[in-house]
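Protein chains in written order, with our numbering: chain A, -5 to 385; chain B, 9 to 220.
Treat the hints as calculated values from the structure; they're not laboratory data. Be aware that one or more of the hints could be misleading.
Heads up, simulated EDC-like pairs for lysine to aspartate or glutamate below, C-alpha to C-alpha not over 16 Å straight-line [to be verified]:
1) Lys171/A - Glu33/B
2) Lys125/B - Asp327/A
3) Lys50/A - Asp222/A
4) Lys88/B - Glu342/A
Since the model is a prediction, treat every value here as computed from it, not as a measurement.
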Amino acid sequence: MPLHSNGGKIVDNLRKNSLVKLLVSYKLTLVCLCLLLILTFWGTLSQVQSGLFAAKERFFNSWFFLAAGFIPFPGGRLVLWLGFINLLSASLFRLRYRWSKAGIIITHWGLLTLLVGAGYTFHFSTESSLTLEEGKGANVSMDYHFWELCFWTEQRRGDSLIRSVDAFREAALSVGKTYRLTETALEAAILEFHPHCKGDKNSPGSSGPEVFNAGGLKRLMPIKPHSDPGKNFPGAILALSSPGSGSQVFRKVLVHGGDFSPTPVHIGGRDVYCAMRRVRHVLPITLTLLDFRKKTYPGTNMAKSFESRVAMRSPDIEREVVISMNKPLRYNDYTFYQSSYSQEGKVEISTLSVVRNSGRLLPYIASIIVCIGMAWHFCLMLFASAATKRK
Amino acid sequence: MIKKIKTVFLVWLALGIQNCDRPDEHRHYQEITITKRAGRPTGGAFRQSPHGSGKSGMLQNAKGQQRLQWATPEGWQLQKSGSIRTATFRIRDSKYEAEGAIIQIPGDAGGLLMNVKMWMNQVQLMIPPDDQLEHWLKNQPRFQTASGLSTVLIDFTHLLSGNLVSETSMLAAVISAGPETVFVKLTGDKPLLIKNRKKFESLCRSIQTAVK
Chain A
-5 MPLHSNGGKI
5 VDNLRKNSLV
15 KLLVSYKLTL
25 VCLCLLLILT
35 FWGTLSQVQS
45 GLFAAKERFF
55 NSWFFLAAGF
65 IPFPGGRLVL
75 WLGFINLLSA
85 SLFRLRYRWS
95 KAGIIITHWG
105 LLTLLVGAGY
115 TFHFSTESSL
125 TLEEGKGANV
135 SMDYHFWELC
145 FWTEQRRGDS
155 LIRSVDAFRE
165 AALSVGKTYR
175 LTETALEAAI
185 LEFHPHCKGD
195 KNSPGSSGPE
205 VFNAGGLKRL
215 MPIKPHSDPG
225 KNFPGAILAL
235 SSPGSGSQVF
245 RKVLVHGGDF
255 SPTPVHIGGR
265 DVYCAMRRVR
275 HVLPITLTLL
285 DFRKKTYPGT
295 NMAKSFESRV
305 AMRSPDIERE
315 VVISMNKPLR
325 YNDYTFYQSS
335 YSQEGKVEIS
345 TLSVVRNSGR
355 LLPYIASIIV
365 CIGMAWHFCL
375 MLFASAATKR
385 K
Chain B
9 MIKKIKTVFL
19 VWLALGIQNC
29 DRPDEHRHYQ
39 EITITKRAGR
49 PTGGAFRQSP
59 HGSGKSGMLQ
69 NAKGQQRLQW
79 ATPEGWQLQK
89 SGSIRTATFR
99 IRDSKYEAEG
109 AIIQIPGDAG
119 GLLMNVKMWM
129 NQVQLMIPPD
139 DQLEHWLKNQ
149 PRFQTASGLS
159 TVLIDFTHLL
169 SGNLVSETSM
179 LAAVISAGPE
189 TVFVKLTGDK
199 PLLIKNRKKF
209 ESLCRSIQTA
219 VK
């Protein structure tokens, strides 16, 4: 195989290519490491003022950002991608594949696996929370940060409330877009949209006085984003209509992330609920909180441990499990951690942290590979040194 | 040649980076909230029929959802169920055994494809790509139960397991019961499943719901 042959024509030609030389260079490695150092330091200081989430988004999750308002500076995502390409190129084109270099080669591939794991986790993992009162259950968890515009109809079956939801990501919303609702065959056109806003009950806005909202809001006022992401609420004003009806509008609805309840619109003999709410992640199981227990240190009110006894239910799993601190529940790619609790009167409420990460084993595998590589290299060096001394 | 490789590599990289984390713009899903504070689920009130003499079974789900009625096939033993299963059956002969279950789940419980993949994993079957699996599922028998509920019957017994030593297989049926989905499963030794396939189908066809 050409990659493993020093005489391979393709590899030799590629090694001479100026782009490959740049990608493989140690200078690029040093630049990436320096930028990571700067970003880590800067981001850590910045989070004091702007908050953890905003600092993370600006310094580590972005491709680039504007320093001092006008100077483009590479963000963590760009730097890590460059670092990954640099390491991959070095592994393919610079490393000489010989047994004497096996330890270094294995270590390189271990580091690549670590970066792949980090990238996979970043792009494909989700974190959310599931809050349950004792006796209640759900099959969805709530995202911490992202929002979605939702429309649903409800059906009650015994103790279960079933919602058929059409959800549209807030990041994709823009004025003028029209969405077709699968469940109700209605269309929702966005008349106004603000990613950060507050609602006003007093006077109507530009969309007119006939705007309807369950909380009595009449207009939306855009505001600057707050450093605490929990205080930023998006809002939108929609025109609900039936497809093909031309300009006939059933209702103008205002939805705001701070609404306490969804806004119901009665159409076609049933209620369609509209809301701007945190993204819901559908779980493969339904969890019902059977009992929550809090243990305190003797003689104090300080919590020693929390545990939630839950019933997990799916077509293939039916059992009761206990989720406690340091003993999470793992099911397929999901891990449920006991996160916190609260109490409303006599009702105890448990909050579970839900992480979905199908690449969670990659960092462990990468660490093992790096350890093997380093051990191999050190052993080789040791034997070589011993052999030299003997001579 | 080198330029072509370079161009393809850069385009691939750019597309990969661009599309890495684009979440779905539009999703449609079912959200289930169990709202009544019913306390710890008990086994539920149920009547055990004698050893599969073909008499009907009826069970009220512990959470007071739809009542189900069915005709237990001859030779099948209806067992005491746990807190979540609606019914459990046991079948035995001199050499083989199998266990059946009826389970009611609010909503679509993740959909047919997801559940079929889970079941194939359980009986160590190789899971084909989604488009092939969907094509195979379209060819599975479909019928309506006694109360007009649409049912798809999935027979894994004629598929080769990845583990040739194991003879375990599964018969499954997915019944759409309005806002609920009823799963009927029979898992066990393949020869016994093949022998009881018609009885399994008759059990599925006999399932009726009665709204509380």
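Hints, verified against the model:
In summary, the hint linking Lys171/A to Glu33/B is supported, as the alpha carbons are separated by about 12 Å, within the 16 Å threshold. At most 16 Å may separate the alpha-carbon atoms for a hinted pair to count; Lys125/B and Asp327/A meet this at roughly 15 Å. Straight-line distance between C-alpha atoms of Lys50/A and Asp222/A comes to about 12 Å, which keeps the hinted pair within the 16 Å bound. Restraint check for Lys88/B and Glu342/A: the C-alpha separation of about 32 Å exceeds 16 Å, so the hint is violated.
Checked against the numbered hints above, the structure breaks only hint 4 and satisfies the rest.
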